[in-house]
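Guided by the hints, dock chain B onto chain A, whose structure is given.
Sequence order for the protein chains is A and B.
Just so you know, the first sequence maps onto residues 6 to 253 in my numbering.
Just so you know, the second sequence maps onto residues 1368 to 1955 in my numbering.
Worth flagging that the hints you see were computed from the coordinates, not collected in a lab.
Since this is a predicted model, take the numbers as computed values, not measurements.
Even for Gly, the Cβ is constructed at its ideal location relative to N, Cα and C.
Where hints are given, some of them may not hold.
To be verified - Derived coverage of chain A by chain B (criterion: at least 3 residues anywhere in the stretch with Cβ under 8 Å from a Cβ of chain B; other residues may be distant):
(1) 69-78
(2) 88-94
(3) 110-124
(4) 144-156
(5) 164-177
(6) 227-233
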Amino acid sequence: MSNYALTRRYFLGSTTLTFLFGGVTAAGARTISGQPPWTAFTANPPTPELGNGLLFFIPSEFNTVDAIVARLIPADELGPGAREAGCATFIDRQLAGSFGTFQRFYMQPPFANGTPQQGPQSANIPHVIYRTGLAALDAYCRATYAGKAFIALEAAQQDAVLQAMEKGQAKFEGAVPAQQFFAMLLQNTREGFFADPLYGGNRDMIGWKLVGFPGTRYDYRDHVSKHNQPYPLPPVSIFGRPDWQVKG
Amino acid sequence: MARKLPSKDVVIIGLGWTGAILANELADAGLDVVAIERGPWRDTAESFNVGYAPDELRFAIRLDLFLRPAQETLTFRNNLNQTALPIRQFGSFLPGDGVGGAGVHWNGQNWRYHPTDFRLRSHLTERYGAAAIPDDLTIQDWGVTYDELEPFFDRFEKIAGISGKAGNLKGAIQPGGNPFEGPRSDEYPLPPMQMTYAPTLFAEAARSVGYHPFPTPSANASAAYTNPLGLSMAPCTYCGFCERFGCANYSKASPQVNVLPVLMRKSNFEARTDCEVLKINLDGSGKRATGVTYVDTSGEEWEQPGDLVICCAFSLFNVRMLLLSGIGKPYDPATNEGVVGRNYSYQTNSSVQMFFDNKTFNPFIASGALGQSADDFNGDNFDHTGLGFIGGAGMNCVPTNGRPIQTRPVPPGTPNWGSAWKKATKESYSSAFSMTSQGSSYTTRGNYIDLDPTYKDRFGRPLMRMTFDFPDNDIRMSSYVNDKLLTIAKAMNPRQIVANKTGRPYSVVPYSSTHNVGGAIMGADPKTSVLNKYLQSWDVPNVFVMGASAYPQNAGYNPTGTVGALAYWAAHAIRTQYLKNPGPLVQA
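Same shape as in the complex, but just chain A (with noise of 0.2 Å):
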């Protein structure tokens, strides 16, 4: 750092601004000249969320999510499914992170309802539509369904739930549609199903074995012009390959 020509200057602390820029590494406005700033390993790595235990859900809300990621993509003749993914725990994982608030988006009111081309405009962030979207699922099967919830109901039963959810036609009480909780709910479960296993879902790979996307392998000069070959290596992520792990 020494023979650096940098000059790092951080202001005197602001908390409104630093909440305002909650998120963003907290670097501090730099002044740099002469060379660039280049220190080994300063950057940030991405934190692997494995272990065990809930970051975000309560154990009830895990398992309704569990039930219904292993409907939305299923274990069967193809290989294992988003439940055997680990999807719930990548759910909990992004709802414990920037994620779960909409921290990056903009979230400034007036809130209005506007038309489809203008975008999403519900002040709805993922905690509420998470919390508030399952007890309103848990009361919307246990009306329906001579008082059962969720994961208590026959696999034709919950896709019955999932496909009344998704065309709006199940009546959710409170702030969040049944609709929107749906879209999200498919929209994390197939991140969780294809993301890097660092985030806690695509256990084994499992997603990308399924459409055979070899991961992070960053270079493929060797196969580029072998038309119409499969590519014949095992997917490999962020932290490698389970084989590549020291035993013992």
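For chain B alone, coordinates are given in the frame of chain A:
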């Protein structure tokens, strides 16, 4: 009250492609230059580290490198009768943020606009008569010609290490290149990239129906390369993580790879990052800029005086900076007077998707600009007599990636979930691909940018308001070229063909293109343009405005190549004319 800093010769707003180019050229001229960038410092080894760059969720879905709407967004409506609402999550277009700007996250298609694009109204009038131009279109000439820009196109291509094949060298048509392109003074600095399977099929099919495909000009290096500044690029590895990502391989041209390492070592240059310019300050006459005011991350305001102020933000934000600073008369669609915000345009795209049996395309073997294109129906390369529209579109087969959160084609009618979805997803992932038509976007009186009356940014400044829908002319154009894509698709004999035509109304939700252009346009007449042919403000001659905001309307090409050429053109004019005699380079 802003604290005043020592004056600089040049104050640059934004450190992306144009900011880096202008800073480097003007620092070479001996000027003391500061660039003020609202986002963070970004460097390949730190910020796009190969250890975690290929992360689709982080970069392509959560959009880690992009401007966050919480920082700044804009409001949107389709027409004057609607109330604009804020774009709360970016969708149709994705503005960048931080050092490198859009030059970090672009795909790297690097085009020269066609000679006729630069004198569009004159050309069409000469060829078809003035009556052939629909009344509702406000298209106009750029005030600069292709021939004037040619040396600067060449310069930018050499700086950025573009891979491609010339189709027209000094007027002589070259086999293997684009026969429709304007005359080039030199070949591309690098040969074309290795071709993957899908574009190879596209090229064969296009040729079989009489079109003229060629390798898409690419800023993804086909081989190791050292540019005229002495900066090196490594060969592209076809990793499939270009658009929305920084390149960890030093293979995709960017300010980080191709300009900044030289610029940063100059003692007469400094970059101030995480500092957002609030406005350009004017003196009492309103005819001279005195510098800028910016705010740092602690919320403290600073005044940076300077003799020359150059707007180098992303296109849309250049327009907003002028509106917030009171430079140039804001455009009013009711009276058709004023210029700032006038002639905003976009890109009119369509696609054709094909599903095959027994073919394996390995979509993950890709790069952002690796593919084949055909210009037979772009611009005015074909006779428009009797067609009922003007303009055209490039036909492109550039499969950029197989990242599976986003790239999972399924045939129409497939359920959104369940075993049937899973089966279709698995079957189609590697056996389908798309072609696109990237079309011109011609301006109208009602498509424009101004300041929103209701919504504010985090500093309390009005958000910009976009009013836009596709003109009838462009819908007809796009449909016509989409039909041409269908003839290519049929020649490939896929199991299923799905045409996705452009329809109204335009939506800000699905991703379409970050080619937002116009609003601070260049031209020959101050009544209909913000800038003269050197990108200099007509109203405040010590302000220059770079970028695609200067485009009077858009052509059927990605804008960056022409943005780069215009930056070198303007830098040359500043160095050779303005510095000797600061003042208007063109008399109004």
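Structure-based check of all given hints:
Only when three residues or more bring their CB closer than 8 Å to a CB of chain B does the claim for the region 69-78 of chain A stand; here the count is 3, and the claim holds. With 0 residues having a beta carbon nearer than 8 Å to a beta carbon of chain B, the region 88-94 of chain A misses the requirement of three or more and the stated coverage is violated. Against chain B, the region 110-124 of chain A contributes 12 residues with a C-beta closer than 8 Å to a partner C-beta. That satisfies the three-residue criterion, and the hint holds. Beta-carbon proximity to chain B at under 8 Å applies to 0 residues in the region 144-156 of chain A; the threshold of 3 is not reached and the given coverage is violated.
Beta-carbon proximity to chain B at under 8 Å applies to 3 residues in the region 164-177 of chain A; the threshold of 3 is reached and the given coverage holds. Check on the region 227-233 of chain A: 5 of its residues sit with their Cβ under 8 Å from a Cβ of chain B, so the three-residue criterion for coverage holds.
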